[in-house]
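Undergrad: Protein chains in written order, with our numbering: chain A, 125 to 379; chain B, 125 to 379; chain C, 2 to 311; chain D, 2 to 311.
Simulated from the structure, these hints should not be mistaken for lab results. Using N, Cα and C, we set each Cβ at its ideal position, and we do this for glycine too.
Across the chosen pairs, the derived CB separations fall in these ranges:
| id | chain 1 | residue 1 | chain 2 | residue 2 | range |
| --- | --- | --- | --- | --- | --- |
| 1 | A | Arg331 | D | Asn186 | 50 to 60 Å |
| 2 | D | Lys285 | A | Glu270 | 18 to 28 Å |
| 3 | A | Asp195 | D | Pro244 | 41 to 51 Å |
| 4 | B | Glu312 | D | Pro244 | 20 to 30 Å |
| 5 | A | His202 | B | Asp304 | 32 to 42 Å |
| 6 | D | Gly271 | B | Asp304 | 22 to 32 Å |
| 7 | A | Gly305 | C | Pro242 | 12 to 22 Å |
Derived lysine-lysine pairs resembling DSS-like cross-links, with alpha carbons at most 30 Å apart:
| id | chain 1 | residue 1 | chain 2 | residue 2 |
| --- | --- | --- | --- | --- |
| 8 | C | Lys178 | A | Lys188 |
| 9 | B | Lys246 | B | Lys256 |
| 10 | D | Lys178 | A | Lys198 |
| 11 | B | Lys198 | C | Lys178 |
| 12 | B | Lys259 | C | Lys154 |
| 13 | B | Lys198 | A | Lys198 |
| 14 | D | Lys285 | C | Lys285 |
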Amino acid sequence: MATIAQDQALFDYLLRLGDDALVLGQRLSEWTGACPTVEVDLSLANMALDLIGQATHFLDAAGKVEGQGRDGDKLAFHRDVLDYRNCLLVEQPNGDFARTMARQFLFSTWQKMLFDALTASKDELIAAVAAKAVKEVTYHQELAQEWVIRLGDGTDDSHVRMQDGFEWLWRFVPELFEMDGVAVEMAERGIGADVMAFREDYDRQVRAVIEEATLTVPHDQRPILGGRQGHHSEHLGHLLAQMQFLPRAYPDATW
Amino acid sequence: MATIAQDQALFDYLLRLGDDALVLGQRLSEWTGACPTVEVDLSLANMALDLIGQATHFLDAAGKVEGQGRDGDKLAFHRDVLDYRNCLLVEQPNGDFARTMARQFLFSTWQKMLFDALTASKDELIAAVAAKAVKEVTYHQELAQEWVIRLGDGTDDSHVRMQDGFEWLWRFVPELFEMDGVAVEMAERGIGADVMAFREDYDRQVRAVIEEATLTVPHDQRPILGGRQGHHSEHLGHLLAQMQFLPRAYPDATW
Amino acid sequence: ADKLAAFEARVAADEFIEPKDWMPEAYRRTLVRQISQHAHSEIVGMLPEGNWITRAPSLRRKAILLAKVQDEAGHGLYLYSAAETLGTSREEMIEALHSGKAKYSTIFNYPTLTWADIGAIGWLVDGAAIMNQVPLQRTSYGPYARAMVRVCKEESFHQRQGYEIMMHLAAGTDAQKRMAQDALNRWWWPSLMMFGPPDENSPNTAQSMRWRIKRETNDELRQKFVDITVPQADAIGLTVPDPAVKWNEAKGGYDFGEVDWSEFYAVVKGEGPVAKERMAVRRKAWEDGAWIREAADAYAAKQAGKRKAA
Amino acid sequence: ADKLAAFEARVAADEFIEPKDWMPEAYRRTLVRQISQHAHSEIVGMLPEGNWITRAPSLRRKAILLAKVQDEAGHGLYLYSAAETLGTSREEMIEALHSGKAKYSTIFNYPTLTWADIGAIGWLVDGAAIMNQVPLQRTSYGPYARAMVRVCKEESFHQRQGYEIMMHLAAGTDAQKRMAQDALNRWWWPSLMMFGPPDENSPNTAQSMRWRIKRETNDELRQKFVDITVPQADAIGLTVPDPAVKWNEAKGGYDFGEVDWSEFYAVVKGEGPVAKERMAVRRKAWEDGAWIREAADAYAAKQAGKRKAA
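So here's chain A without its partners, still in its complex pose (with noise of 0.2 Å):
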């Protein structure tokens, strides 16, 4: 029973590694060739690459701990947005590439410090995976927070788009912090990380950038939660509805 629930958090927990990075991977991948220089295009997939790496190797690692046969590809087409764990702020869409970058920036600042962290991960899997992406994180924190700098500190145009793309994802971010029942397990197992060990760390951070950029740090908000535990926004269903199209209406076929 114990290592039933042991195998249940930990494949929980995967997941929410695998789903981040590859839903957030998808959102990127959705700007090609739509992209305002041929330098960004290049930059916008190579991010998407990473992240969809990244998610390769949590889901595969998830579908080995879960034990039912389901492999990276299987938990990636095959689950419908209930049992999709990834947070909210990476379903987020596009919308204009000031708030793609937004959403970028608070997320691969908040994803390099958990890959930071999870370097010491107990288990070998995430501790590997974290140790070769923490590098790629650490080029797409850097990627977006110079946009952020260079657009609000931009033109009179770009500042004001920069700032709403800040004001319309900020209620997303308390959730990158919510420590719930597996998270608390996971990082007393040594397996997860206490992502309230660099709450401050990351608000600090942040806060910086968004000065340097002539921003102002948007009010709080109330926070939207649910992702974690399958409660999406809208968003989300048309994502996986393109997404998955393929492996979903040829379920025999392999490709």
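Please build the complex by placing chains B, C and D on the supplied structure of chain A, with the hints as guidance.
TA: Here is chains B, C and D on its own, set in the frame of chain A:
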């Protein structure tokens, strides 16, 4: 052999009628809640509803002709793009309201003439559905025509948008009058309509409305064909991914 | 003062007040607020359902949902018209909605996450709406009362369709049952909030009841809703997410747990889970539609000019 | 005239011409046209594939396709840079693309309808591109030749991945086989058109070959492509949609049917099946991105100002 071939043509013809209505109904329903006035919300939902009703009749009939136990739902929700038989015009994205109205006007004007002809079909079901639907379609045609005139002869901005709407969609009109093997066979058997019989009428009416709207009849463009053979634009796949999600994700469920 | 007395006598006698009749300013204001809020709820209420029209799981369900959304647009139109008889324009009301000054039902600030939510909205949300609206068919303001007669007939149809969706899901596959129960879990408490704050915190209730704008208190309606809905859930094998629900023989109704009123007030303040999204969509529709409304006006003006010239 | 003779001698000796070297104006113009067209093809070529990234059927396929699109953006960058060494700016080139003045490969005016099209593009389109590009690694203009070395290495990787997708589909379910064959049917002829008009209608070929901008004629390359591709199709059980395809022992290559050149010229004129859509997407991306490019410039100017002041 002959009988199977006959059925195949009728099956295909019913799919064309059904898919035109289904795909356009789906497109119109995307407008829900995004219309310029509540009155428009109401009238687009109403058109969508009529079209879904027509689709249901034609696709149910197609399933019976096929004789493989598929009903309208099975045909609507479990065929992929290569098996869809709608014309390309109806699958084109909504664009702005002017483009949506241009699409509706070009299609409903045609569909009205088609259904007028089909009331004389030797296939009783087709004749009956057409007789009922022709009233609905007359209303669609009038509504679209009124908007074309109103926007064309409205402000400078609306004039430009309405003209752009026609320019954009003009290349999909010739497909409406394609008489391929299936269409010829159906017309010869007295089941389908010879669309060329009302081509001149159509051109005259469309031209008259465009002129009343103070717009310019677009130059003829190279026709884009393929929908009737399952060779669609890139848009249909996205439409189907969304529309078919639930029945594909839950193949054992009924709703 | 004479006019006021005469007005109050007519209301007390259950006569209808009509647009041309004299009425107290506070009565007019209260009605405008209530009717426009009701109209806005119909319009905003199209959004959570609109989210599923394109994904309805069968042609029949798609048609039913389209018809429902069409009805809601129709309700919005009657209600805006009824409010307009009180001397406010539709544009004013819509601007008030978009600026956040006017409210709409808190319930539409929750997302529709699965198809079962469409069932839950029909069953619970339309069910609660009917409970609120049936008495309004006899409300003292004539145009409002007449609008409500049409609205109620269609709403009860919607309610039955919603319940039928849930019944179908609850009798379906495991995944469908889970969807249905999950939807009930999420929509139950917000539905109870639709009747408004408890009577002791509802300062306008007394006046509204005296004016026959309202005919039952929030708590009375809420109790009625629970009493009808709990057995409906039982009948299809679903469980209301409130361990305190228990039949109370003495009062002839169900006891039930306390609503989280802090949640309610937060949502009223505009902090509902998808409140920002709902308003963003409405505003975008309105702004994107400006050129169309302008074009229609310009065309109408030209035509009027031509008719005059002829 | 001396300079011209010296230039032609260097080219004939297979030396590289570098940006600072003297070159005939027509050589420069031809190169700018060819390199920018090539760059545009990389950029526009991201669109048909971008259409399937969000629907790639496995995580691995999604990653491979993202990597491919990333490569294409990279190729676009090298090539724009190579063209810039000839004295034209990227903005100028992009404006020429959006105004329709500059061309891009006709092949990208066809839609990607099913997942098999992603395989077909890799196999056939990248395959044809390589055939065109391999000789360009020895083209006379140094920056272009060096860009092509990198491009070719990655393209041949893409070509193998595309073929592997097709192989997988052709060995898959009936639906997958059908998809694969249908994709081959639709992409075959447009791929043959990628080598340009027949030699007798290709007036610039001679000059370009003399300048070593081109090293083989259109028809030679087309023949090579057919000779390599037909057996590849056979090997995975697919059939090239040309009944005239037949091994010709005498010439040591395949005979094949006549390309529909009227189709080719129509597509060159901008009448391809999705030509309008492609340009609309590119223009929209560029226009929607204007505020971002302006902001980046404004920020860079401010930073430069600060550095100067410091």
